[in-house]
Amino acid sequence: MASKSICRRCLKLAASTPTRSITSRAQHRAFSSTVSKQPSQERRIHHSSRQKAPEVESQRSHVPQDIPPYTTNLGQQPSQKHEDSSERTLLQPNNLFHPFTTSPSPQIRRRAATIRQNAYCPHPDHQATRSPISPHDTENRKTQGISPPAHVRHECPDCGIPVSCSEEHFASDYESHLEICDTLRQINEDDHDLVSGRFFPEFEYPPARFEEAQVNMTNWDTLLFSRGFEAVNAERSMRQVTRLLTYPITVGSVLHELSPYALGKEGRLTPEGLRSLSALRYTLHPPRTGAGVDIKGLRPNPPPVRLFILGARAESSLPREVWVQLSHLFPRVSFHLIFIGPESMANRDDEFPLPERTPSNPFGAIVEDRLGGQMKVSTYVEYFHTLYEAQHFAPFDPYFDAIILFHPGLGHPASSHEWSPTLPQLLATKIPIICTGYTDYDMQRDIAWVKKEAKGEMDVLLEPAENRFRSLRWDLNDLDPGDVSCGNWGVWGFRGKRYETDEYRGRDE
Amino acid sequence: MRPSQRLGILGNRIPQSSYYDQHNRPAAALYRARQPYLVRNAVTGVCIVGFVAAVRGIDTWTIKAIGQDDFSDIAVPDAPAQPPHTPNASAGVRSAGSAQ
Chain A
1 MASKSICRRC LKLAASTPTR SITSRAQHRA FSSTVSKQPS QERRIHHSSR QKAPEVESQR
61 SHVPQDIPPY TTNLGQQPSQ KHEDSSERTL LQPNNLFHPF TTSPSPQIRR RAATIRQNAY
121 CPHPDHQATR SPISPHDTEN RKTQGISPPA HVRHECPDCG IPVSCSEEHF ASDYESHLEI
181 CDTLRQINED DHDLVSGRFF PEFEYPPARF EEAQVNMTNW DTLLFSRGFE AVNAERSMRQ
241 VTRLLTYPIT VGSVLHELSP YALGKEGRLT PEGLRSLSAL RYTLHPPRTG AGVDIKGLRP
301 NPPPVRLFIL GARAESSLPR EVWVQLSHLF PRVSFHLIFI GPESMANRDD EFPLPERTPS
361 NPFGAIVEDR LGGQMKVSTY VEYFHTLYEA QHFAPFDPYF DAIILFHPGL GHPASSHEWS
421 PTLPQLLATK IPIICTGYTD YDMQRDIAWV KKEAKGEMDV LLEPAENRFR SLRWDLNDLD
481 PGDVSCGNWG VWGFRGKRYE TDEYRGRDE
Chain B
1 MRPSQRLGIL GNRIPQSSYY DQHNRPAAAL YRARQPYLVR NAVTGVCIVG FVAAVRGIDT
61 WTIKAIGQDD FSDIAVPDAP AQPPHTPNAS AGVRSAGSAQ
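Those protein sequences? They're chains A and B, same order as listed. Counted from 1, the first sequence has number 326 at position 326 by the working numbering; the numbering is strictly sequential. Counted from 1, the second sequence has number 87 at position 87 by the working numbering; the numbering is strictly sequential.
Please keep in mind that the hints were generated in silico from the structure rather than gathered at the bench. A hint or two may mislead.
Unchecked claim - Just the calculated beta-carbon pair ranges, DEER-fashion:
| id | chain 1 | residue 1 | chain 2 | residue 2 | range |
| --- | --- | --- | --- | --- | --- |
| 1 | A | Pro271 | B | Tyr31 | 48 to 54 Å |
| 2 | A | Pro413 | B | Gln5 | 54 to 60 Å |
| 3 | A | Asn301 | B | Ala28 | 50 to 56 Å |
| 4 | A | Asn301 | B | Tyr31 | 39 to 45 Å |
Unchecked claim - Residues from chain A shown here face chain B by an in silico Cβ test under 8 Å; the list is partial:
| id | residue |
| --- | --- |
| 5 | Phe225 |
| 6 | Gly228 |
| 7 | Glu230 |
| 8 | Val232 |
| 9 | Ser378 |
Glycine is no exception: its CB is placed at the ideal position from the N, C-alpha and C atoms.
With the sequences and hints as input, model every part of the structure.
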């Protein structure tokens, strides 16, 4: 009856407090960073990640603050909650479209100012400001160079984002803008939704289920349903939730034995890929050993599965409850996520200064090990080749280790020189490397670069194509409003070439 | 906002899945989750129903086919004058007598 439900409620409050204390500090700055992550910016101007992305206060409306103190009268609570939230909501769900410069939210107005100060008008009459990055880049059209480059000022009335320097240029370039106008409007509404201060039920992630509950990895909807998420009915909520979850779920979807990628042309997995993944799945789906909590139930435990996330930028600041979703896909497996990269502390300013370099921690890594017992997260602000040459992680074991690169820009002209010393080492470790990319062109460029640099010493594990668990939300690049991208659009995998010993056939030398 | 809890007649909480709305109809998320399987399951269902219908059809035809047999050439004996009360006991006495 009434008392039973109250006890359940205070049990729920008590049970969720420990995780809240772990993740609350991660939530605040992490959510702000990933919401305002500008992927192409970091790819293009790799050293300017210092540019602070505007903070988003959506963490205010997370569950921890919204649970009201329980009362004996159940009828009182809903009205109390409604009052609190209506004072905090800035925008109603039907009022989410505002031009950026006149937005009710100060963060978005600041963002509009950033765009107006930094982005250049894409009209072909201007002179080019940078070399084009892809065949679809609008800089390709700027061949004539009639007028000097001008910053964007004029906002499109349909999408509310400044895209042109003047109305004349906007009108004459309208067809190319029409291609992305709908997407830009969607981005506009989604960004306003994040600052609207509403209650976000979609950001309550479920805990791990019992082991026999299988997860269905056909698409996002079946995955969320089989994992026990609360129903995400609205498309906008789906976009918001997949934007963060794409990082752990992409990794999980490739490594899990029920992954949608299988042998065959449609399944995209190559036989070499099956070899590498089978070795990993041997550890990721361990047989039952009869382990128990008493002395008789002691069993030797394998070392954790190490996932090296190289070139980590905003991924390292994702809320830890998002990363812990990866460990919920694999029961009885412990994970060690290692974020390595010069920008791995992006948007994590609260955690500075880094720990001192001591003999037991020679590279001053930040280690977070209170994440529920199944996962440990370490962050190294170093290049991978430094750690490799110091043999800090040696030996690499193909049964336990994998390398993940989230949109590394391997072939991107601005960042490929940083990957050149690292690539031969990655291939020498012989562990599978899972790579994602923003677009198909991005991925193909990365593959071409790897093939050229490796000189044939690499095997493709997973053919590149669209990632089933890509972010459904499109992100705007503040330095170029015409460049929209979505996180982890495509995924592919490679590994150092494996040579088989073969029978000596008696060749004459 | 979360919908307020559903209460039963006794005031207890009725467990409510977020995948169904207030009138217990599947919500959009459930429909999307089922979508890859809708056509396949419908075809499977039609096949099963068709199979059952075919079996029923075969059985009814079989019974009808057998039922067409003509039994008019067999004479049905008349009903006995006295209905036997204890057929087992009288048969036993008679046989005991004949054995002796």
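Going through the numbered hints above, which ones does this structure break? Give me the numbers in ascending order. Hint check: 1, 3, 6 and 9 fail, others pass.
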